[in-house]
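A.B. asks: As a plain string of letters, each chain reads:
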Amino acid sequence: MDAEVNFRKPEIGEPTRRELNPTVFLSDDHLRFRREVCDFLSSRLTADVRSANHDPDELGGWRVDFRRDFKRQLAERGYIGVGWPVAYGGRGLDMVYEVILADEFEYHDAPALDPSVGYIPYALLAFANDDLKSRFLPALRRAEISMFLAYSEPEAGSDLANLSTRAEREGDEYVITGQKSYSSYSHFAQYAFLAARTSVSDRKHHGITLFIVDLAHPGVSISRHRTISGSYHHSVYFDHVRTPASMIVGTLDEGWRVLMGAIDYERAAIGSPGLVDRQLDRLVSLCLLNPHYVQLGNDPIVADRLVSLAIEADAARLYAYMVAQAHANGERPQHETSVCVLLKREAARLAEALAVDLLGPEAQLARGAESATLEGVVDREYREHIFFRFAAGGFDITRNVIATRGLGMAR
Amino acid sequence: MTVPQAESLRNRVSVDSLFRDSVSSFVRKRATSTLIDELEEHGPGYDTQDWSDLARIGVLGLLAPPFSAESGGQYAAMSSAAAILGASTLPTPLHETAVEAVLVLTTATRVTDVRTNWLTKIAAGEAIVVPALNETGHEIAIQETQVSAKAGRGGWLITGTKRPVAYAQAADAIIVVAKIADTGERGLFLVPGRAEGVRVDSMPSANGHHLAAVTFEEAVVDGDSRLDGQDVTSTMTIDRTISVAAVMRASQLLALGSRALSLTLRFAEDRVQFGRSIGRFQVVQRHCADMYLFLEKIRVLLAQAVLSLETGEEIRRNSSIVKVAASEYVPQVLERAHQVHGGVGFYRDYPLERIFRRVMEAEAAGGSARWHRARLTEMLRSDERELRRGDSHAIAT
Numbered sequence: 001m002d003a004e005v006n007f008r009k010p011e012i013g014e015p016t017r018r019e020l021n022p023t024v025f026l027s028d029d030h031l032r033f034r035r036e037v038c039d040f041l042s043s044r045l046t047a048d049v050r051s052a053n054h055d056p057d058e059l060g061g062w063r064v065d066f067r068r069d070f071k072r073q074l075a076e077r078g079y080i081g082v083g084w085p086v087a088y089g090g091r092g093l094d095m096v097y098e099v100i101l102a103d104e105f106e107y108h109d110a111p112a113l114d115p116s117v118g119y120i121p122y123a124l125l126a127f128a129n130d131d132l133k134s135r136f137l138p139a140l141r142r143a144e145i146s147m148f149l150a151y152s153e154p155e156a157g158s159d160l161a162n163l164s165t166r167a168e169r170e171g172d173e174y175v176i177t178g179q180k181s182y183s184s185y186s187h188f189a190q191y192a193f194l195a196a197r198t199s200v201s202d203r204k205h206h207g208i209t210l211f212i213v214d215l216a217h218p219g220v221s222i223s224r225h226r227t228i229s230g231s232y233h234h235s236v237y238f239d240h241v242r243t244p245a246s247m248i249v250g251t252l253d254e255g256w257r258v259l260m261g262a263i264d265y266e267r268a269a270i271g272s273p274g275l276v277d278r279q280l281d282r283l284v285s286l287c288l289l290n291p292h293y294v295q296l297g298n299d300p301i302v303a304d305r306l307v308s309l310a311i312e313a314d315a316a317r318l319y320a321y322m323v324a325q326a327h328a329n330g331e332r333p334q335h336e337t338s339v340c341v342l343l344k345r346e347a348a349r350l351a352e353a354l355a356v357d358l359l360g361p362e363a364q365l366a367r368g369a370e371s372a373t374l375e376g377v378v379d380r381e382y383r384e385h386i387f388f389r390f391a392a393g394g395f396d397i398t399r400n401v402i403a404t405r406g407l408g409m410a411r
Numbered sequence: 001m002t003v004p005q006a007e008s009l010r011n012r013v014s015v016d017s018l019f020r021d022s023v024s025s026f027v028r029k030r031a032t033s034t035l036i037d038e039l040e041e042h043g044p045g046y047d048t049q050d051w052s053d054l055a056r057i058g059v060l061g062l063l064a065p066p067f068s069a070e071s072g073g074q075y076a077a078m079s080s081a082a083a084i085l086g087a088s089t090l091p092t093p094l095h096e097t098a099v100e101a102v103l104v105l106t107t108a109t110r111v112t113d114v115r116t117n118w119l120t121k122i123a124a125g126e127a128i129v130v131p132a133l134n135e136t137g138h139e140i141a142i143q144e145t146q147v148s149a150k151a152g153r154g155g156w157l158i159t160g161t162k163r164p165v166a167y168a169q170a171a172d173a174i175i176v177v178a179k180i181a182d183t184g185e186r187g188l189f190l191v192p193g194r195a196e197g198v199r200v201d202s203m204p205s206a207n208g209h210h211l212a213a214v215t216f217e218e219a220v221v222d223g224d225s226r227l228d229g230q231d232v233t234s235t236m237t238i239d240r241t242i243s244v245a246a247v248m249r250a251s252q253l254l255a256l257g258s259r260a261l262s263l264t265l266r267f268a269e270d271r272v273q274f275g276r277s278i279g280r281f282q283v284v285q286r287h288c289a290d291m292y293l294f295l296e297k298i299r300v301l302l303a304q305a306v307l308s309l310e311t312g313e314e315i316r317r318n319s320s321i322v323k324v325a326a327s328e329y330v331p332q333v334l335e336r337a338h339q340v341h342g343g344v345g346f347y348r349d350y351p352l353e354r355i356f357r358r359v360m361e362a363e364a365a366g367g368s369a370r371w372h373r374a375r376l377t378e379m380l381r382s383d384e385r386e387l388r389r390g391d392s393h394a395i396a397t
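Line by line, the protein sequences are chains A and B. At the far end of the first sequence sits residue 411, using my numbering, and the numbering has no gaps. At the far end of the second sequence sits residue 397, using my numbering, and the numbering has no gaps.
Simulated from the structure, these hints should not be mistaken for lab results. In this text, all values refer to a predicted model and were calculated from it rather than measured experimentally. Backbone N, C-alpha and C fix where the C-beta goes; we use that ideal spot for every residue, glycine too. One should not assume that every hint holds.
Unchecked claim - These stretches of chain B come out as covered by chain A in the derived footprint (C-beta under 8 Å, 3 or more residues):
no., segment
1, 105–118
2, 264–270
3, 298–312
4, 320–334
Work out the full structure, taking the sequences as your base and the hints as a guide.
C.D. replies: The structure is reproduced here in structure tokens:
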């Protein structure tokens with residue numbers, strides 16, 4: 001099936017693009033693992049548990065204390081670090097297992113696996129020294145601590161290298177000053193995985209360093225902003241926060257590599273397809289099984305739009321597993337992880353817009369409204385997921401990444 | 001996707017590189033602009049020597065038992081061949097004969113020597129057999145057919161018109177759906193191309209002169225040439241045929257789209273306007289990224305569909321899904337390719353226009369997006385579980 005590539009090569013003098021093998025196989029062990037995770041989530045996240053632990057102030061809608069307890073349960077079951085090396089307390093399984101886990105979590109609308117159990121550990125494994133690894137990985141795996149990703153700043157979004165948070169050396173310490181914005185999960189984290197400028201250089205990407213910063217140090221403060229979905233999101237301020245030089249991840253001034261490496265892991269992790277499958281299943285059930293909505297199921301226009309969604313869902317799911325499989329085979333997918341996130345998120349936005357259209361005036365009913373169809377989930381996802389357009393790359397920036405890193409077009 | 005015995009299946013879908021190389025080197029030798037122009041200008045629209053070469057390489061018999069490999073992998077191999085030949089834009093009746101006619105002949109329920117004989121000849125490159133399924137206003141007409149069959153002269157007499165039919169001028173036999181007069185059922189018949197009462201009128205088209213209207217005026221067919229005799233069996237045969245045809249057409253479309261992207265990337269780099277390569281403009285980069293995204297979606301959906309053909313599971317679902325995607329996305333890829341190329345893509349001395357015209361043909365062949373969307377919506381409405389992937393999760397309600 002890669003024959004077209006072979007034909008293309010001799011004719012065209014373009015930089016050759018390697019392509020990932022698109023045929024996705026899940027082994028019996030993978031399927032067993034999926035079933036096990038699915039059963040666990042189904043039994044724990046009952047309707048009662050969901051309503052008892054709903055918090056409209058939280059992105060994702062889960063109470064912070066429930067999220068923390070739930071993460072501990074995951075740790076006890078060995079669901080944190082499934083892909084890490086056994087030496088660091090992981091299970092040493094391939095990346096497909098990680099994607100299955102994330103996939104099932106999304107499908108079940110479980111409390112999201114935050115970056116401290118997702119891509120931050122992978123960045124540590126790839127770039128941190130042994131001291132940092134043995135200090136932080138076990139605690140992360142046991143869900144005793146969590147970290148948030150302190151990259152974005154008011155003046156450094158898509159142009160991340162423009163960040164202005166400074167870290168200045170004083171003896172054995174660095175003194176960090178600056179503001180981090182759009183800081184998801186920061187309000188219950190103990191540490192920041194922070195990018196700061198350590199030197200000024202002609203080369204824009206040089207002079208950035210990655211630190212782990214203990215948020216208990218003096219000088220850290222946090223503010224919150226109400227968002228479009230009604231939940232809160234946070235900014236974190238660092239005012240002369242002293243951090244030991246031993247907390248540098250990777251090499252001084254060479255943090256851009258860590259950052260880019262981590263972003264590839266991040267995109268692989270959040271590209272898991274469960275969200276879209278859940279949205280499709282939910283709409284199919286609504287239109288064909290819910291007695292109040294059967295007229296939708298009989299409408300050929302509705303059926304056709306569900307078909308469109310099923311196609312996008314298939315592509316997103318297959319792509320995610322293709323990328324995971326490539327990881328498992330020891331390849332290092334790069335721009336493909338961006339494609340993965342984009343396909344999933346564009347499909348999700350399609351599903352969310354379709355859900356709003358199908359529910360009509362009911363779509364805007366929030367959780368808690370009397371008999372709100374689907375408990376207000378359509379409203380929540382439609383509003384909250386507008387961040388898909390811009391967070392962790394976003395639809396436009398991702399296309400830039402594809403054009404330059406994937407297709408080799410000049411900047 | 002959820003398939004056990006991953007390792008044996010992995011081997012099954014990895015196409016033999018010697019086979020691929022043979023098809024590629026055939027294409028490099030034969031698919032020259034001069035030859036393609038010539039084939040488009042004059043009937044029958046393909047080169048008979050090419051056809052023999054394809055038989056020799058083993059392409060034509062891939063799907064025809066007993067020539068098809070017992071170990072499987074024939075669908076993956078045919079998909080690969082359809083991609084290489086497709087990208088080359090060299091016209092051949094590959095899809096009509098080596099895919100569609102072969103599928104009808106192998107799937108039809110009535111076992112006769114006629115079937116075996118034709119399959120043997122097709123595999124050897126000695127016969128062109130084409131399906132004639134379209135009628136005016138009806139793509140893949142089964143229930144709607146206006147063509148009739150009545151018993152007579154020791155066999156059947158076929159009357160009516162099929163159009164457009166690809167490569168009918170060259171056909172040694174034509175497969176038609178016709179309504180049987182005394183039972184009212186739709187049957188499948190194999191009509192010799194030069195039978196008494198068969199008239200073939202060439203129709204000029206976007207891709208040359210290989211299309212025709214085929215009119216049957218009490219064309220005589222012997223009794224053994226009825227392949228299916230009932231609505232249910234005829235429909236199943238055509239349904240299965242279209243499933244496989246759709247996947248092979250999707251392979252062709254993906255290859256054409258990929259080539260359009262490659263041409264566009266090269267052009268964007270070479271073409272200088274406003275003092276720089278137009279490929280440095282972000283809007284051009286965005287067009288290219290979008291083209292790539294469309295193609296990547298088709299690529300994974302195609303792999304899923306080929307795997308379905310190999311395992312026999314979810315064939316209808318996955319073949320229709322990839323054909324809808326290919327038929328809808330590849331034309332959008334071409335729109336963007338032309339946007340970037342500007343006037344250069346409008347002229348016949350540059351390969352993009354031919355790719356565009358082949359896409360126009362392939363998007364409708366093997367079932368248009370509309371046809372496959374209709375099949376998918378019917379699947380969805382008759383069984384709400386069929387389209388979704390709830391089987392691998394607890395179903396969300």
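A.B. asks: The structure should be examined with respect to each hint, and the outcome stated for every one.
C.D. replies: We went through each hint and held it up to the structure:
no.: 1; hint: 105–118; verdict: violated (count 0)
no.: 2; hint: 264–270; verdict: holds (count 4)
no.: 3; hint: 298–312; verdict: holds (count 8)
no.: 4; hint: 320–334; verdict: holds (count 3)
Figure legend: structure checked against the earlier numbered hints; the only hint not met is number 1.
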